[in-house]
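Chemist: Going down the list, the protein sequences come from chains A and B. If you're matching positions, the first sequence starts at 1 in our numbering and goes up one per residue. If you're matching positions, the second sequence starts at 1 in our numbering and goes up one per residue.
Hints in this document: simulated from the structure, not taken from any laboratory. All figures in this text were calculated on a predicted structure; none of them were measured in a lab. Here a beta-carbon is modelled for each residue, glycine too, at the ideal position from N, C-alpha and C. All the pointers check out, no bait thrown in.
Among chain A residues calculated to face chain B with C-beta under 8 Å, some are:
id, residue
1, 33
2, 42
3, 101
4, 104
5, 107
The residues making up each chain are set out below.
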Amino acid sequence: DPKIIQKPKYLVAVTGSEKILICEQYLGHNAMYWYRQSAKKPLEFMFSYSYQKLMDNQTASSRFQPQSSKKNHLDLQITALKPDDSATYFCASSQRDTSGNTLYFGEGSRLIVV
Amino acid sequence: GQQVQQSPASLVLQEGENAELQCNFSSTATRLQWFYQRPGGSLVSLLSNPSGTKHTGRLTSTTVTKERRGSLHISSSQITDSGTYLCAMERTGNTGKLIFGLGTTLQVQP
Chain A
1 DPKIIQKPKY LVAVTGSEKI LICEQYLGHN AMYWYRQSAK KPLEFMFSYS
51 YQKLMDNQTA SSRFQPQSSK KNHLDLQITA LKPDDSATYF CASSQRDTSG
101 NTLYFGEGSR LIVV
Chain B
1 GQQVQQSPAS LVLQEGENAE LQCNFSSTAT RLQWFYQRPG GSLVSLLSNP
51 SGTKHTGRLT STTVTKERRG SLHISSSQIT DSGTYLCAME RTGNTGKLIF
101 GLGTTLQVQP
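Chain B extracted, bound-state conformation:
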């Protein structure tokens, strides 16, 4: 089965609404990393979080490794936030070997 499960699979929001994206993983992890994948396919690193809460701009990442879950909160969504958000876990420290989920596709409408 899938080692990293993301939910929801897709999400439609009105501009200005907040989004909460979930990531659950089936084995222990040393870190979660969140990526944004543009419609054209390229990936942008958003946040890398071993545990606890991290913020950057309108994004907040929370990782609870003991409970094998994480989340990405997007506040005040904008149309340009539309795309796919990928969660990836790293099982052992600093190997760069990430296990990805299938992603949450976000569509923000005006």
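So that you can see chain A by itself, here it is in the shape it has in the complex:
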């Protein structure tokens, strides 16, 4: 059974619309992340949260807003969608402690903006 659940797996959105990508982790981890993978580009860090608090934000645009309603949830709201936002968005989690910080990824949500 997948321990990091991302929904939806695929979605097509119209330019200018808004979408929310859902992520829940059942690994008991204390940190969660969003990464993005666009065509021909490396996976790119977007946000990190620890204990529901924003730790790091690498996303220039305020159109991307993470939302954490529970410790094991980190959703990603994207507003005013553009075709350049087309990518696969990966949620990840880890247990941040002194022994290490191995990241585990969900299966991704593939977004196409038309």
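On the provided structure of chain A, position chain B as indicated by the hints.
Modeler: Chain B alone, transformed into the frame defined by chain A:
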């Protein structure tokens, strides 16, 4: 320029051969983490290695942070090893902020 460079970009092997994947990074790193990305896109964590050598199954990861390089050795490759192998570095300790390379695409043929 790219902060994490992986080589080769692609590799074709016969089943049973060994593979050596390289990862070079342009700034200091506290850890290298290797991932396998399935053709469908999902990522599987393979090894996380701050320095030295780590083994799991047929995989050996070596990280030499002073020389800004790492490698992943796959022994006795199998057809099911086909996919993309991603190297990621973490610049400061325990932040979870990984910088990824573009990957090495491995194809293992019968």
